[in-house]
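> Take a look at the letters that make up each chain.
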Amino acid sequence: MSNNGLLKSSLAKKYMMALTGLFLCLFLVGHLLGNLQLFDTTPEGAVKFNEYAKFMTTNPLIKVLSYLTYACVLFHVVDGFVLTIQNRKARPVKYVVEKGSANSKWSSRNMALLGTLLLVFIATHMQNFWFKMKFGTVPTVKGTDGTDLHDLHAVVTNFFNPVENEYALFMVIFYVLSMATMGFHLQHGFSSAFQSLGINHPKYTQIIKNLGMGFCIIVPLAFAAIPVFLYYIQTAH
Amino acid sequence: MNITLKVWRQKGPNAKGAMETHKMTDISGDMSFLEMMDVLNDRLIRDGEEPFAFDHDCREGICGSCSMFINGEAHGPGRNVTTCQLHMRSFKDGETIHVEPWRASAFPVIKDLSVDRSSFDRIIQAGGYISVNTSGATQDANAIPIPKVDAEEAFDAATCIGCGACVATCKNSSAMLFVSAKVSQLSLLPQGKPESKERVQRMVDQMDLEGFGNCTNTGACEVECPKGISLTNIARMNREFMKSSLS
Chain D
48 MSNNGLLKSS LAKKYMMALT GLFLCLFLVG HLLGNLQLFD TTPEGAVKFN
98 EYAKFMTTNP LIKVLSYLTY ACVLFHVVDG FVLTIQNRKA RPVKYVVEKG
148 SANSKWSSRN MALLGTLLLV FIATHMQNFW FKMKFGTVPT VKGTDGTDLH
198 DLHAVVTNFF NPVENEYALF MVIFYVLSMA TMGFHLQHGF SSAFQSLGIN
248 HPKYTQIIKN LGMGFCIIVP LAFAAIPVFL YYIQTAH
Chain E
125 MNITLKVWRQ KGPNAKGAME THKMTDISGD MSFLEMMDVL NDRLIRDGEE
175 PFAFDHDCRE GICGSCSMFI NGEAHGPGRN VTTCQLHMRS FKDGETIHVE
225 PWRASAFPVI KDLSVDRSSF DRIIQAGGYI SVNTSGATQD ANAIPIPKVD
275 AEEAFDAATC IGCGACVATC KNSSAMLFVS AKVSQLSLLP QGKPESKERV
325 QRMVDQMDLE GFGNCTNTGA CEVECPKGIS LTNIARMNRE FMKSSLS
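If you're matching them up, the sequences are chains D and E in order. When you line the first sequence up against our numbering, it's residues 48 to 284, in that order. When you line the second sequence up against our numbering, it's residues 125 to 371, in that order.
In isolation and in its complexed conformation, chain D is listed as follows (with noise of 0.2 Å):
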């Protein structure tokens, strides 16, 4: 063992940034997969979601899975300031020309940048949503089995809905923004993480950045349509 470590190290740094990333990826998949259930407008539909949130504020094992998530982004939003910090420190007389799109992508670069572009949503998003649910007054309603449900499906409805919410356009257009900073932060995240994990192959490489865009993509283009499609379904007609 060295007298360095695992904690203190630049490498080691750059090892918690990638493990606590793909884990929020995959958090990221979790959480689609659920909103997704908020495509079906029948009342059904609409208990169906209810009943999910249910579950997942009460489940003990999602509760774990809870914390370990806002663990991984404390610790990734702490892990990448101080990892900022050092990297300007590193060059305190900066270039007069410097030419970053010779030979790297946008995204690489401007990773800090994203970061706090996504932290600032999140912090709106569950100002929007999970907040009201914990700490608000949500009305409730009856679901299956004739117990209290918290009406979480007409919070989300609601809050698109121009007529319930004036700022409903306004937040359309900040959480599809949002999404396509997180489509960036992922073009680059999702296969640096391979990366600063020493997962790098001449066979497998190509596939794991295949899937990274694939990823940054897919998964912010699906979140960023929930708000549409419940603001466009509540405008229509």
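Just so you know, the hints here were simulated from the structure itself, not pulled from any lab data.
20 Å max Cα-Cα, derived DMTMM-like pairs, lysine to aspartate or glutamate:
hint: 1; chain 1: D; residue 1: K152; chain 2: E; residue 2: E346
hint: 2; chain 1: D; residue 1: K146; chain 2: E; residue 2: E219
hint: 3; chain 1: D; residue 1: K141; chain 2: E; residue 2: D240
hint: 4; chain 1: D; residue 1: K250; chain 2: E; residue 2: D280
hint: 5; chain 1: D; residue 1: K250; chain 2: E; residue 2: D274
hint: 6; chain 1: E; residue 1: K216; chain 2: D; residue 2: E145
hint: 7; chain 1: E; residue 1: K130; chain 2: D; residue 2: E145
hint: 8; chain 1: E; residue 1: K216; chain 2: E; residue 2: D154
hint: 9; chain 1: D; residue 1: K136; chain 2: E; residue 2: D240
hint: 10; chain 1: D; residue 1: K55; chain 2: E; residue 2: E322
hint: 11; chain 1: D; residue 1: K141; chain 2: E; residue 2: E144
hint: 12; chain 1: D; residue 1: K55; chain 2: E; residue 2: D329
hint: 13; chain 1: D; residue 1: K250; chain 2: E; residue 2: E276
hint: 14; chain 1: D; residue 1: K55; chain 2: E; residue 2: E334
hint: 15; chain 1: D; residue 1: K250; chain 2: E; residue 2: E346
hint: 16; chain 1: D; residue 1: K136; chain 2: E; residue 2: D329
hint: 17; chain 1: D; residue 1: K60; chain 2: E; residue 2: D329
hint: 18; chain 1: E; residue 1: K135; chain 2: E; residue 2: D162
hint: 19; chain 1: D; residue 1: K55; chain 2: E; residue 2: D332
hint: 20; chain 1: D; residue 1: K60; chain 2: E; residue 2: E334
hint: 21; chain 1: D; residue 1: K95; chain 2: D; residue 2: D192
hint: 22; chain 1: D; residue 1: K250; chain 2: E; residue 2: E277
Here the structure is a predicted model, which means the values were calculated and not measured.
With the hints as your guide, set chain E onto chain D.
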């Protein structure tokens, strides 16, 4: 061809520098960039002015001395070339060319375009070697069977000339490509295996100590490296460091 040069002028390590403009006329496209700088310096000396300090030695792309950040890129716009291998025909007639020193806190400017790259030497001293008995009974390296693929990969890593273009071009001034090439070159071969565990730890420790930034996998180093050192070396070092930290 005629060009306008904007060159970094800095009297000493602690002096404040600035870009200085010089008009160059009748420059041959077949001149190397360094030869063009020679023409400028010759003129400055004749006019009784101070010539620009810049590093150079072999002028055939193998020593790693020449540096210069030209028009926003390490070693200029060419690929797989050092500044001495960059020809003036790579530029347009009438173009303005910005010439700056490598910029990193671990590469402090000595004067003008010349920077102190001894931080690389200290990383090598920390672990970039193999301990062999040189008493005369040393085994002939060619007598040790090495798989072709390993030999090729080790050789590819060993082509690193330690010029520092990777650090200069990296937005974080990270030295990961250099250090990983040196780690790979030795750890891939049987002679380097016994010390591989300590080597990666010591070299990474020294790299961090010198104040280089962290790798964010932008891949800029690989593109700008005059020897085309691959990012796979960085991944290999990431693996080796993880393995040696955990065991």
